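Residue numbers (this note's numbering), protein chains in the order written: chain A, 1 to 201; chain B, 1 to 201.
A portion of the hints provided could be inaccurate.
[Claimed, not checked] For lysine to aspartate or glutamate, the following DMTMM-like pairs were computed, each having C-alpha atoms within a straight-line distance of at most 25 Å:
#1 A:Lys57 to B:Asp45
#2 B:Lys12 to A:Asp82
#3 A:Lys12 to B:Asp56
#4 B:Lys57 to A:Glu135
#5 B:Lys57 to B:Glu148
#6 A:Lys12 to B:Asp143
#7 A:Lys57 to B:Asp11
#8 B:Lys12 to A:Asp11
#9 B:Lys12 to B:Asp170
#10 B:Lys57 to A:Asp45
#11 A:Lys57 to B:Glu135
#12 B:Lys57 to A:Asp11
#13 B:Lys12 to A:Asp143
#14 A:Lys57 to B:Asp82
#15 A:Lys12 to B:Asp45
#16 B:Lys57 to A:Asp155
If you're looking for bench data, these hints aren't it; they were derived computationally from the structure.
On a predicted model such as this, the values are computed, not experimentally measured, just so you know.
So the chains spell out like this:
Number of protein chains: 2
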Amino acid sequence: MPAFRRSVPLDKAYRLLNHGPTVLVSAAHEGQRNIMAAAWGMPLDFQPPKVAVVLDKSTWTRQLLEASGSFVLNVPCVEQVDITQSLGNSSGLEMSRAGRDKFSAYGLATFAGQACAAPLLEGCVAWLECRLLPEPHNHQQYDLFLGEVIAAQADSRVFSEGRWHFDGHDRLRTLHHVAGGHFLAIGDSLDGRQLPLAGDV
Amino acid sequence: MPAFRRSVPLDKAYRLLNHGPTVLVSAAHEGQRNIMAAAWGMPLDFQPPKVAVVLDKSTWTRQLLEASGSFVLNVPCVEQVDITQSLGNSSGLEMSRAGRDKFSAYGLATFAGQACAAPLLEGCVAWLECRLLPEPHNHQQYDLFLGEVIAAQADSRVFSEGRWHFDGHDRLRTLHHVAGGHFLAIGDSLDGRQLPLAGDV
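Looking at chain A on its own, in the form it has when it is part of the complex (with noise of 0.2 Å):
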């Protein structure tokens, strides 16, 4: 494992997708494997941690992920942003049809999880292996994919003791995909201050 790349305790796993990234969703069953961008994604719940994720009817990541019931989501960065972009804009099923998959096509790296079977992505700043909850009607009347979060990893020069620090590290910030290949990058950090009620002193 690269000395950077840390476990993020189950309890703090939201945090790695709580300002809204898009993200690349792997999955893998019997042999063949894809992954797709997402920008539809979010946390769900706290401890234990669960996720949402949109995937169309169409796309051959939902399918691998119905069949193998688990699936990986992986935060891709700055750096990433042509793989982002062509990973969002090409079909993991024509690609199988002619006997290859995304990950040759465009020569990516991907290491193995510790829960999932689905290859994680090298490069990203964050992944997430998630089990799939089973609620059909949330997959067939909405394409909405709900998952608890088994194990989950992070950069540690951007993420660590639960909080993302991107400053000095350009290339690594998230991605927040606007639409048509069009995206924004995480910005500067901020502390909000509660307000004193008015009529308090």
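Given the coordinates of chain A, assemble chain B onto it according to the supplied hints.
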């Protein structure tokens, strides 16, 4: 209406949330109203646009939302970081028992929506008025609420023609909560490029 506030076409409404900002959820019912912060919200569909948001069982906003069948997602900005923190860290139910609400307690100005009874908070940079989709299992099991967006507006200084453009408006950047009143502001824009496939010329 202030000169900078503009309606957003419904087919572009998802772009107001696509980059994962923290939102302020407002609801009103029979003369009572409340507003709370929620980091766990996301788009759920393009057209008709839908959203998902997580609301704890203890919240007064949730009670008003369930009673009225509608809610508003207000998107706050850096200028409002103290308001956002305060709205996320105070109880509307306690205030209502004391005969006040968060709007009066914090001196917050609101304006009427186009489609919902819930108040829209002045100073935010986007507003999505939503009709609650009745999904009792998601409400009870996951504190998860789905809504259809029936009207949307944005501050045209930072959102127009389906894109955010925050350059020169640092105080209007969206907020992305990490934990405990610690936020990240959204940063600079960048565009992803489609990579060639390995082996292709």
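In ascending order, which of the hints set out earlier in this document are inconsistent with the structure?
-> 8, 14, 15 and 16
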